[in-house]
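K.L.:
Sequence:
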Amino acid sequence: MRLAPQLLRVLGSSPFKQPGNDSVGSGSLRLEVSKKNPSAYKVCTLQKVDSSEGINAESGSWTGRRITWVAPTSSYDSIPSSAPVADGFVDASHVLQLRLTLEEAPISSAARKDYIDRVQDAIATYPDIDAIHIIGNWSSFDEVQELDDSEPLWKALGGANPSHIALESTSDRKSSLAEIFASYPPWYRLQSFYLLAHPTREERRRQWPFSPSKDMCTRPSLYPGCFKNLENLSVKNLHFKGFYFNPEGGATALRSLAFAGDQATNALARTVFSNPEMPKTLHSLKLHCNGSKKKQARGDMTMIHLFLHECKALVKLDVVLNDSGPSHPPLDMATSATTSTPWPWSVLTRVPYYRKRVMASDSSPEPTSWPWNVLTMAGGPRRKYVPPYAGLYDSIPNTLTSLSFRGPPSSYMLDDLDMWIEKANNPRWLPNLKHTSFDLDLPNVLDDADWSQDLKEKLDDKPFTLLLVLGKRGHHMGVAGCHHIQQRLDSALNAHRS
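Just so you know, we're using the UniProt record's numbering here: the sequence shown kicks off at 1 and counts up by one.
It is possible that part of the hints are untrue.
Here are the simulated lysine-lysine pairs, DSSO-like style, with alpha carbons at most 30 Å apart [claimed, not checked]:
| id | residue 1 | residue 2 |
| --- | --- | --- |
| 1 | Lys-280 | Lys-236 |
| 2 | Lys-462 | Lys-434 |
| 3 | Lys-286 | Lys-458 |
| 4 | Lys-280 | Lys-228 |
| 5 | Lys-280 | Lys-312 |
| 6 | Lys-458 | Lys-423 |
| 7 | Lys-472 | Lys-423 |
| 8 | Lys-316 | Lys-434 |
| 9 | Lys-312 | Lys-286 |
Just so you know, these hints were derived from the structure itself, not from any lab.
I would like the entire structure built from these sequences, with the hints used as guidance.
P.N.:
What follows is the structure, encoded as structure tokens:
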């Protein structure tokens, strides 16, 4: 049987990474048909075999990742040609991939009942399933449940015990995270979680927005206890305020965290507030917020800077930050009291690693070094516009071995680079750093592009100087910059090392 190209691409696009070569071309695939439906081909299992060792595809030993695919159709064309890649996920050997609905037509009640049976059949047949990847509109899928006597999807998955799970909604605005997690199976082996976020309109209007001074510490957890020991979390499409990760009992083992979207800083600030153990456990952090026309609360970055300042185990930091909107004037904002909502002092003082600093400084004048100059923005008067990327050099911990930064070519970034260079010239700053990347290629949302040629040259010279200083630290130091200065940088470093 010949497999469609869409089917062959699944191995290279799953959100669960595997060791070694992911190329399908280096091996072959085997299709197993469900014993209950031998002619339908609705439940299939794929495996990769290393053909370089001469293993027979029909009788040889199979290696690599298995994918058991279940979809409400007999057509292979329904298999998605691409899937999200979840950063930080550990390897999975057997993925149960569920395609819930089709774009061209909703699933019928009878087809849904048959689908639930096949999901349970797949789980019973393959007890070694260690990952579940769900693609489609899960709320729409369960809407027809009242028309039959089958179980809801989440209850049907209760027989599995995965270590990794990915939820990928397509364009469904009816998806309710609260409803999904309310009936979540007790998956206490769960290590990795990927979510492509799509809140409902009701969640956007009522559940997600909240007052941090009142609801932050009292809002019930949306995530059951099995998320407490989660090690890897990746959430993308965060284009709405108020989302945050608050498992019952707090995250105690989180090692890798990735947030991406226009409101990623908002989500990260609330997440670190809700999980006081994170500074002790987090090894890798990815924060991608590449610009938005929406105004962002500057107190969110205050909380993030505080968190970074207290991290004890962080070794990898990947940050993408842009200015928070063209409506921010580069002038004094003391008279603009409604520009953004800061974090009240009453909230910040509840954070353990912040409270001890406030109490220690009550009888002394305010220090001028970072992050204290940012802390004054949380409850003090509105001052000049401070971009979210400002002062990052003073908050990142010395434990870092890898640093990646992307920002905008703005006048604020130009001023900030002077301090980056000054820090880089100090050998005690990030002494363990082995690799760094620095790019200024994001769109300039502040519309301050009417610069002289001299300023434009400085936007090339300063990143070059920064990376050159870092590159001269040692032969094992890797640096990367904007593509138009990379060749110049490589030549300078080669000359220095020779």
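K.L.:
Confirm or reject each hint.
P.N.:
Consistency of the hints with the structure:
| no. | hint | result |
| --- | --- | --- |
| 1 | Lys-280 x Lys-236 | holds, 24 Å |
| 2 | Lys-462 x Lys-434 | holds, 20 Å |
| 3 | Lys-286 x Lys-458 | holds, 28 Å |
| 4 | Lys-280 x Lys-228 | holds, 15 Å |
| 5 | Lys-280 x Lys-312 | holds, 5 Å |
| 6 | Lys-458 x Lys-423 | holds, 18 Å |
| 7 | Lys-472 x Lys-423 | holds, 14 Å |
| 8 | Lys-316 x Lys-434 | holds, 10 Å |
| 9 | Lys-312 x Lys-286 | holds, 16 Å |
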